[in-house]
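Undergrad: Going down the list, the sequences are from chains E and W. For the first sequence, numbering that gives the first Met the number 0 assigns the number 0 to the initial residue and increments by one for each residue that follows. For the second sequence, numbering that gives the first Met the number 0 assigns the number 0 to the initial residue and increments by one for each residue that follows.
Keep in mind that the hints were calculated from the coordinates and are not lab data. One thing to keep in mind: the hints can contain errors.
Stated by the list, open to error - Residues from chain W shown here face chain E by an in silico Cβ test under 7 Å; the list is partial:
no. : residue
1   : A568
2   : H589
3   : G592
4   : R633
5   : R690
6   : A717
Claimed, not checked - Label pairs and their in silico Cβ distance ranges:
no. : chain 1 : residue 1 : chain 2 : residue 2 : range
7   : E       : W176      : W       : L637      : 23 to 33 Å
8   : W       : L637      : E       : L55       : 39 to 49 Å
9   : E       : L167      : W       : A647      : 18 to 28 Å
10  : E       : L80       : W       : V1056     : 58 to 68 Å
11  : E       : I201      : W       : P546      : 21 to 31 Å
Stated by the list, open to error - Chain W is nowhere near these chain E residues, computed Cβ spacing over 12 Å in every case:
no. : residue
12  : T3
13  : V98
14  : L99
15  : I206
Glycine included, C-beta positions come from ideal geometry on N, C-alpha and C.
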Amino acid sequence: MKDTDIKRLLYTNLLCVFSIFLSIFIPSFFVDNFSVLEAHLTWLCICSASVTTVNLLSYLVVKPNVSSKRSSLSHKVTRALKCCVFFLMSCFLLHIIFVLYGAPLIELVLETFLFAVVLSTFTTVPCLCLLGPNLKAWLRVFSRNGVTSIWENSLQITTISSFTGAWLGAFPIPLDWERPWQVWPISCTLGATFGYVAGLVISPLWIYWNRKQLTYKNN
Amino acid sequence: MRKVSVLLFLAWVCFLFYAGIALFTSGFLLTRLELTNQSSCQELPGPGPLPWGSHGKPGACWMPSRFSRVVLVLIDALRFDFAQPQRSHVPGEPPVSVPFLGKLGSLQRILESQPHHGRLYRSQVDPPTTTMQRLKALTTGSLPTFIDAGSNFASHAIVEDNVIQQLNSAGRRVVFMGDDTWRDLFPGAFSQAFFFSSFNVRDLHTVDNGILEHLYPTLDGGSWDVLIAHFLGVDHCGHKHGPHHPEMAKKLSQMDQVIQGLIERLENDTLLVVAGDHGMTMNGDHGGDSELEVSAALFLYSPTALFPSVPPEEPEVIPQVSLVPTLALLLGLPIPFGNTGEVMAELFSGGSDSSHPHSSALAQVSALHINAQQVSRFLHTYSAATQDLQVKELHRLQTLFSKASARYQHFLRDPQEAEAALSTLTAEFQQFLRGARALCIESWARFSLVRMAGGAALLAAACLLCLLASQLAVAPGFLFRPLLLIPVAWGLTWTILYAGVSVTTGSKIDLVVLGAVAAAGSLLPFLWKAWVSRGSKRPLAPLLPVPRPVLILLLIRLATFFSDSFVVAEARATPFLLGSLVFFLVAQLHWEGQLLPPKPLTMSRLGSSAPTAPPRHSGAHALWLGIGLLLFTRLAGLFHRCPEETPACRSSPWLSPLASMVGGRAKNLWYGACVGALVALLVVVRLWLRRYGNLKSPEPPVLFVRWGMPLMVLGTAAYWALASGAEEAPPRLRALVAGASAVLPRAVMGLAALGLVLLLWRPVTVLVKAGAATSRTRTILTPFSGPPTSQADLDYVVPQIYRHMQEEFQGRLERTKAQGPITVAAYQLGSVYSAAMVTALLLLAFPLMLLHVERVSLVFLLLFLQSFLLLHLLAAGTPVATPGPFTVLWQAVSAWVLLATQTFYSTGHQPVFSAIHWHAAFVGFPDGHGSSTWLPALLVGANTFASHLLFAVGCPLLLLWPFLCERQGPKRRQPLPGSESEARVRPEEEEELQEPLMEMRLRDAPNHFNAALLQLGLKYLFILGAQILACALAASILRRHLMVWKVFAPKFIFEAVGFIVSSVGLLLGIALVMRVDVAVSSWFKKLVLAQQR
Ligand SMILES: [Zn+2]
Ligand SMILES: [Zn+2]
């Protein structure tokens, strides 16, 4: 593992962070009185779209998983379609999990679903970019000694921190502070976003810090 | 380690916790001192002349009487808005149609047609809003404290001075009819009384109809001075149906007719008082201090003009106790000694002679003066008796009073600028009275910080002991006897020391302190040991043996006890935490590689080289377990009762009894679902027993499961059918229905008790087959369904078990050849402990289910399913080390406690007094209990703490289940490094070892088994103890918090009682496992003797 790899990882991650900042500030130029809390659903869509775009772009530019074999166009198309299906599936799965964890079943369906979309954007989209629609590879990455590159290591860290952020975001909901952000699912989406950003920032640093101990099986 | 000493050790730890709880409680829930002084007519409350206007009037006491007779109509739970008209909020639109609005039309007619004769007030009630506390307040004028709330079942005669007492000493005739709580409060105080039992809250009409039968004849008969009628129908209707039920409209209309009838019959010298003792919540309950509970209606009327002015647009808000001094002075009685209420001055304005220009104002001031004198005298006496009251504030009030009093005397002698002077005096007296009341309210919630700190310290030390001992228990060479004997000796020494000191100093022995001293004394050697070994070789790691994620979750859970919002939202927070723990368990299994199916592991180049054991469960299996658990938890969460603090929340309608449902079809469907849940529960358990083969045993407990349990289901179903349709029964069947609804629940409970006795008598549920086995088959433990058909089925053998048995008892005998014919076959030894536990749990569940409303049976079904899934999931992550030491993981115990808490909420409970299901006391006793109080308390307690009891008794399953699941996994097992299992595997036995021993592994290592049981108990007690400690700390740190009496104190009390129930259940559960163990031993012994013959 070279320091240049870590540097590339850092820049890519910072780009993702930047895209989230953009999604907060850019819409206010086009929409009057835009704020993350007031127009939360709009922001969720914008954020999700921008993070997805940046992830795809960085994937196309950086190409972390060097697959040498050429593939046909039809293969690429089916792969892309599979990715979309995976993304949708993960959205629905997360929605179901939220409901199982106590989210209202009928009221606020749209809000819950958009939260699921945003959380999948933070977790599933990078997975799809890096590993492709390959469930076994995903399972491998998220097990002990399963990562094989710094990219996968970063993916592991950001995904876990996004979920942790979303989980922690549920705690302020019952408190009687009467703040606008305590409403379901705003605190959770904010928590997930913070978790994602934290994961993005922390993972290159953590990898840099532990570069001596980290030995990946294939490089 | 012996079994008895395990139980004794656990009992000692429980005692430590109890002592801590008792000490803390005695410091936290202080009671008010009740003074027995009496006011008397001859002795004025203070120096000074007789009040103005009372010269030369016969029968005048402190003030001349204005009314010679009073009719007091007490309508229980008459909330303020029940007396309001049905108004539309938006002009022009029709008024909102709520069953309880606008039904008391006679009050409104009076207020409109005779504005000077009647007046409606919103009377502000002091919590706790239970009937007995309110009756005490309504007659004594004082503030019954929180701790009295529990004595609603065992009410005692009022020892303080009260209006009824004063009426008696003045020779007035008091006639009472209605709620029999009055009989206990005022024994022998009534010249004539018609008591009706108040206990059956499901009965709306008996009390009211009984009153109506006697009310008008008594009224017309005239042999009374004060007539009290206490109607209960409205309250009972609230408890049974809630205020929004059409039945409430009927009940209120009936009350309206009563009031109308009384108004028509009143004579000029009579005052009519219509009052509610408290309100009711949206659900129709009361006891707390929510706005709806503390606002009651108060209506005064007299045929002679009472009020100088017309009533204000919005009725005035007055404290409820204001009625006490007002009534006393209006009737010409002395104000009760301990009254803290303020006289309603307006009522004293009219009626006196108009010779004086400011007669009306002067009369008001003199009433206030008398009142203030009385309160000042009470404060003086009370502060002399105890140091409760705040000295500074008391001093300020006394100065205020003496100044106002002096000005009053001065004014009487020299009336100048009467108008201004009188209004100042009124304001000053009122200021004094309100200040005194506020002082009393504040002071009677004062705490003994020393006791609270001592109790908390004791709890903390006991928790520490649990933590350390649970680590030590499984360590090799754990010397147990000194750890038990020394503490007892120390505890006894300190107890004797304390008793000796208190006897020599002549002070009374306080049992609470005695217990605390004994507990602290017995803890001393342990603490000393811990302190000494603190710096030595042992690192800090074993001090915090809890794995970090579980520790974080536990700390989050404990932190939630410090926030009132989280205590209120615990019903939602607990499933969330439980789900998080389940998710963590699944994720951890995956992370460790135990969940991954072998295929990807080999594919990923890692699996082939990784030395991890093959998974015991496939990945999908554990994932489905987790998802199923989440789903069931979510479903159980649908049965959710809302706390009063969250008005936006809607309680689940499924928590109301079927009897309150209106639609016939829906009712039938629900009834079917409930009976279905019962049957499903039985079927699930029977399937489980059959799967492990225990259902084949001819032992009495199994026979009971096969035949007695369906009978219990039948009885329960029949009882529910009666209970849900009792109202619709034709009159001639009423007696039969009443009889059956008393007999059926008792029969079911009797059957359950019989089952438990049978289980204790013969707990070994195995089937022994004698006969020559010719060949042993490899399919030995495949579960079979139905009667055994093939010879292979009949030849169930337990070679390994049998060999161990032989080794144990026949070690001296020459061993027969291992492959030789074995003539005894025993079935299902591998699940003998769990089978007894599951049977016991089901037997416990049935009576508990009976105490709940019908639809909660679905929750009980979910509870069993949830715990099965959880146990399976936990077993997937628990390594089984043979031959020991066995451990129970912290995550298992935490998840179990969380599940117990979640079930507490999903069975419709809340940790507040108003949410207690009092109706449970009538299951099997539809007519009440007479004077017995312990039985209803037991029934209600069993209802409230059902989940605590079930989960605590079922706790040993956490230890047993991993062994039970052994059969499902592959046979190979990684021996723990250092364990001696390899040595024990002799070559010729290797083949047999592959047959699962399941729970017999526990029996193989009795010492480890006992240690594991001890560890399990200590871990469970630690988590419960940490919760109660957190509650105690929260209650003491936040004792000035706004929510302390509303949230933290009830939470502490519920948690404390829950701890006691849980600890007893835990001991019972462990004792049951030990009983089975003893029985298995003797069974083996018998078998061996039979072999030898
Ligand atoms: Zn009442
Ligand atoms: Zn009541």
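Undergrad: Confirm or reject each hint.
TA: A quick look at each hint next to the structure:
| no. | hint | result |
| --- | --- | --- |
| 1 | A568 | holds, 4 Å |
| 2 | H589 | holds, 6 Å |
| 3 | G592 | holds, 6 Å |
| 4 | R633 | holds, 5 Å |
| 5 | R690 | violated, 27 Å |
| 6 | A717 | violated, 35 Å |
| 7 | E:W176 with W:L637: 23 to 33 Å | holds, 28 Å |
| 8 | W:L637 with E:L55: 39 to 49 Å | holds, 41 Å |
| 9 | E:L167 with W:A647: 18 to 28 Å | holds, 24 Å |
| 10 | E:L80 with W:V1056: 58 to 68 Å | holds, 60 Å |
| 11 | E:I201 with W:P546: 21 to 31 Å | holds, 23 Å |
| 12 | T3 | holds, 26 Å |
| 13 | V98 | violated, 7 Å |
| 14 | L99 | violated, 4 Å |
| 15 | I206 | holds, 19 Å |
Hint check: violations occur at hints 5, 6, 13 and 14; the rest are consistent with the structure.
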